[in-house]
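With the sequences and hints as input, model every part of the structure.
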Amino acid sequence: MNVLMPQLGETVTQGTVVAWHKKEGDQVSKDEILADVETDKAAVEIPAPADGVISSVQVQEGETVDVGTVLVVINGPEGSAEDSSVPATDEQPKTDHSSEASRSSHSGKRPSLSPVVRRLIAEHRLEADAIPASGRGGRLTRSDVMSFIESHAADASAQPAESAPAQAKSPAPQPAVPLFSDGDRVPFDRIRRVTAEHMVRSKATSPHVLQAVEADFSAVEFVRSQSRERWRADHGFSLTYLPFIAQAVCVALRDFPRLNSNVDGDSLILHKRIHLSVAVDLNFEGLVAPVIQNADGLTVSELAHRIHEISARAREGKLSADEFSGGTYTLSNNGSFGTLLTGAIINQPQVGILSIDAIKKRPMVIEGPAGDSIGIRPIGILSQSFDHRAVDGAYSAAFLHKIKTLLEEKDWSAEL
Amino acid sequence: MGSSDPSEIPTNIPNIDTDTRLKLYRTMYECRVLEQRAYDLFMQNLVKGTSHLALGQEAVAAGFGTAMRQDDYTFCTYRGHNHTYVRGVSMTSILGELMGRECGLLRGKGGSMHLTSVEHGAMGSYAIIGAHLPVAAGAAWSAQYRGTEQVAVCFFGDGTTNIGAFHEALNFAVIWKLPVVFVCENNLYMEYTAIADVTAVERPAADRAQAYGLEPILIDGNDADAVYEAAGAALSRARKGEGPSLIEAMTYRHGGHSRADPGKYRPDEEVQEWLAKDPIPMYRGRLISLGIDKEALDAIESETNAAIEAATEEARNSPPPPVDIAHIDVWADGSASWRN
Amino acid sequence: MAELTYREAVSEAIAQEMRRDSNVVFLGEDVAAAGGVFKTTAGLLDEFGPDRVKDTPISEQAIIGAAMGASMTGLRPIAEIMFSDFFAVCWDLVANQIAKTRYMTDGQCSFPLVLRSANGGGSRFGAQHSQSVENWAMAVPGLKVVAPSNAADVKGLLAASVRDPDPVMFFEQKSLYATKGEVPEGEHVEPLGVASIVRSGTDVTVVALAAMVPRALKAAEILQDEHGVSVEVVDVRCLVPLDTKTILDSVSRTGRLVTVEENPRLCGWGAEIASIVTEEIFWNLDGPIVRVTTPHIPLPSADALEDAVLPSSERIVENVKRLVD
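Protein chains in written order, with our numbering: chain A, 942 to 1357; chain X, 608 to 947; chain L, 30 to 354.
Calculated from the structure, these hints are not laboratory results. Heads up, a few of these hints could be off.
What the hints assert, rightly or not - Straight-line Cα separation of at most 30 angstroms, DSSO-like style, residue types lysine-lysine; simulated pairs: (1) X/Lys847 - L/Lys129; (2) A/Lys1259 - L/Lys68; (3) L/Lys129 - X/Lys655; (4) L/Lys274 - A/Lys1259; (5) A/Lys1213 - X/Lys655; (6) X/Lys655 - X/Lys871; (7) X/Lys784 - L/Lys68.
Printed below as a string of C-alpha cells:
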C-alpha cells in the first residue's frame, strides 16, 4: 500500500519529510511511526497503516513534496501493493448497453451523503447518524433531513438558510462543507469581482511604496474662490481642486516620465502621451477609472469639463469600453469624506497613482523677512503609491515636489 | 510592350476615355504600393499570422473596381486586400487590420483573410475556397428580387474551379438568371500545385462555361483595358437581366501563395516571363504612347507614395483593440450570450 | 384555437410571416410545386408565387450560400434542408460562414435567416436519414437552435425564428409531423430562449427535447399513477439561447435531474445541462444526474431495432424509479 503525504491543515499544500525512522526492507507493525513530517504550521508523525515490509522509500529526508505524494510503499502480508489511503469514493458507474449512469450506493456500506444532504446537515449542525434514513440501502434523502429538521424545530439553534445558495455563476469552488452559516452571504457582483481580482493582482505585481507631500493650496484657492460664482453660472457645476491638480500632475509627468510608464519584463516603456485615469466611485457600488486622453494638452478649464463629464457618465453607466483603456497614470480623489491620506493601489499596468485627500484649513508656520508667524492655509496631502520596480524614492519625491511647487507657485489665474 | 500570350487574346486597344484610364492606372498603382507595404510590415513582424498577397494581379481588381457601380456587391477570397481596397476602403484600415489594431477595418476581429466593408459593398473576403460563390449568387438573387439592378461580382482563383460549391453556384445562377459575374483569376497555381496538373480541362474556368450554358470568356488579366471592357460587358448583361457571366482572366502572382511560401515550385523562366508582363509598367507605357502626360503619372505615383507613408504611420500608432471586444457581436444585438 | 398537425403548423407559420413581411422568401428542394417531401409547405407557392417560393436543384451548398447572401443584402430567407443529416453536405456554409461572419466583420453584417430541416429518427429511414443533429449546431458559436415538440410551438417558434435578426437552425422532428395539437389562431409568436414546464412535480425534474417530450410526459403519468413519484417535465424548446433559469429553478426544487435525449450519447445537449447544474446548484442535488439517450451507435433501420434503442417511455420510467428509490 502507498502511504501519502497527508494534508496537515486546510490551506496546506505541501509538506517536508524531516526524518525517516524506518528504511527499505524494515518490517513494520500497524501504528508504528514511519517518519516525521512538517509544514510551516505543524509537525506530525506518520504511522504505518498496517503490518508489512517497507518496499520502497520515495521521498528523502529534507525533501518537500505536494500533499498526496507517495512517501513510502509498504507491502502487506499478502505481498501486494494496494492503494489504501485514498478516501472511499462512490463506485464509478460502468456504462451498460443502455448507457445510463448507475446507482451511487456501495453494497454493504452505508451510502454517501448527497450534496444537498451534506449542506443541510452542516447548516443545521446535525449528526447524520441521528437522522432516520428512508432511502434504499439506508440512504439519507433530502426529505429525510427536512422532516427531521421540521420535527425538531423547537430544538434547532440555527435558522435554516434559504433553499438555494449561490445560484449565481461563481467561478470560485465551493468549500467542501460550509463552516460558517450564520452570517449573510452577499455574493460579489461583477464589478466587485473584477475589482477584487485587479487589486490582488496589482499588489502581487508591483512593490508598492507610499510617499506623501503636503501642498499649500492658497494660490489655487485664490483663483477658485474668485471665479466660483461665475464658473458655476457659466458651466452648471462647481470648479473643484481636481482639475488644477490634474494639470500640475501632467506637467510634472513631462519632467518625470518614468512615472508615466509601464514595466515590461526588464524594461520600462515610457509613454509618449499622457492619458490620465480618474477614479470615480459609483455610489459605493464599485470603482471605475475612465481615461482622459492627452490630458497634458488640456487647460484647467477643459480638464474640469472632461472630469465632470466622464464622472457623470460613469455614474450613469454610459461609458464605452474605449474610455476605460489606455490610461498612463491615475488620480484618485478621496477628499470628499475628509480623509487625511490614502495608500491607493496602483491601476495596472501603470506605475503610479496619486491620492488627493481632504484639503483643510490648518495653522502653518509662515516664514518671512521679519521672522516666523502662524497663518491659516488650505493644506492638502498628496500621497503617491509608486511601483518600486520602475523608480526609486528620490525620483518619486522629486516628482511630488514638482507638483507641490506648481500648485503653490504657478499663476493659476492665467489658466482659466 | 504589347499584350501577352496566349494568342487567342485580342491585341487591339479599346477606346476608353483618359480620365478612366488615369483612374485605372492610379488604382493599380495604389494596390501595388499597399500590397508591397503589407509585405514589408510582415517582414518586420508587425503583421502576424499569414497573409496572401496579390502582387501582380492588380489589373483585375482595378479593371472591375472602376467598371462597377458603387452599389454593386463584391465578394472575394482571402487574397482580397486589393479587391476590398478598390471599393473605397482606406489604406490605414487595411494595414491596421493586418496588424491587429484598433483602427483596423474589422478592429482586429477578422484579420487579413476576412476584409469586409459593407458600406462600400465589399461583402467579405472568404477563406474557404468556393464558399462565397453561392453567397454571391444569393446577393444577386436579392438584387433581382428587389429590382435594384445591382450586380454581384465574385472573384476567385483557378483552384476554386475544382470544388463542389463552384459547380453548384454556377448551375444555380444560370437557372435563376441571376445578376452575378463570376471572375476566375487564373494565376496558374492552386496554392503550391500547377493548376494544369489537377484539372481535367485546359482552361479551368473558360472550359467549364459551356457545361453551364455560358459563353467561354478568356481575357488577359494583366491588361487593365481588357479587364475594364470585359467587366463592363458582363455587368451590363447582368443589369439588363440577361443572367450571369463566367470570365477567366489570365494573370500571375509575383509572390508565393501566402507569406509562408517562397514559391520555389515555379520554374524561373516562367516567373521571369510573367514579371516582364507586369500590368503596371505595361499600362504606364501604353498611356504614354497614347499621349498622356508623363508628369500626370509621376504625380499619381508620388501622391500614392506619400499616402502609404501616412497610412502606415497612422496604423502603426493605433493601439491594439480593447480586449472586451472579443466578447461582443456574435449576435445582431451586439451580445454574445447563449443563456440566461 | 384550431387543431392542426405539426406539419400544418409549419406552413401556417411560414405563411403568417410571408404575409407580414415581403422580404421573407423561401427556397429548398421540392418545396414549392410539390409542397415539400413531408408536405410541410403545401399551399405556399399558390399564395406567394414563384418569386418568393422557389424550388432549387439538389445543391445544399448553393441553397445555404444563397440564403446567406440574400440575408446579408436585405432579405429574410427561409431555407429548407430536406433531412437534417444533409447539413453535413453544406456544413462549411453553416458553421464557417454564416455562424462566424458577423463576429469576424466587427458587426458589419447580420444574417436574419432560418435553416429548417426534418430531424430525428423513429421513421425507419436508416442511419443517414434519421439523425438528431441539433448538437452539431449547438456546438458552433453564432447559431441559434430551436426544436419544438408540438404544433403550437412549431407555429410560434418558427414565427419568432423568422423575425429573429440572427441565424436560426430550426429542427422539426419528422416523427412528430403527424401529431396534432391545439394551435392559437391568428398571429402567434413564442419568444426564443424560454423553456416550458409542461408538467409540474416535486420529486424529479425530467428535461426533454422535441420528440422526447411526449415520451417524458407519458412516463410521468405512469410514474405518478403506478409508483407515486411526482415528476416535473421541462420542454427545453430552444438549445441556444438556453433557458438555464427555468431548469436550475426546477432542479433546485426537486433535487434530481434526468435528461431525455434522442441524440446518440456523446456530447448531447443533456451533458451541457448536467454540467451547468453540477457547477451552479451542486448543493441542491439529492442524487446523481442521469441522462437517458440513444446509445452511441448509428441508428438501425428495422422497426424492432430502432424502437429498442431510441429512448422509450418505459426506459424513462425505469431510470427515474432507480433514481428516487
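Decide if the proposed pair is consistent with the structure: X/Lys847 and L/Lys129, CA atoms, cutoff 30 angstroms inclusive. It is violated: about 34 angstroms lies between the C-alpha atoms, which goes past 30 angstroms.
Does the alpha-carbon distance linking A/Lys1213 and X/Lys655 stay inside the 30 angstroms limit? holds (25 angstroms)
Please work out if L/Lys274 and A/Lys1259 have their alpha carbons no farther apart than 30 angstroms. holds (28 angstroms)
Given pair status - L/Lys68, A/Lys1259, alpha carbons within 30 angstroms: violated (52 angstroms)
Would the pair L/Lys129 and X/Lys655 pass a check requiring their Cα atoms to be no farther apart than 30 angstroms? The given pair, whose Cα atoms are some 21 angstroms apart, holds under the 30 angstroms limit.
Is X/Lys784 close enough to L/Lys68, meaning Cα to Cα at most 30 angstroms? Status holds; Cα separation ~28 angstroms.
Compare the distance between the alpha carbons of X/Lys655 and X/Lys871 with 30 angstroms, and conclude whether the hinted pair is satisfied. OK: X/Lys655 and X/Lys871 at ~22 angstroms, within 30 angstroms.
The structure does not agree with the numbered hints 1 and 2 stated previously, though it agrees with the rest.
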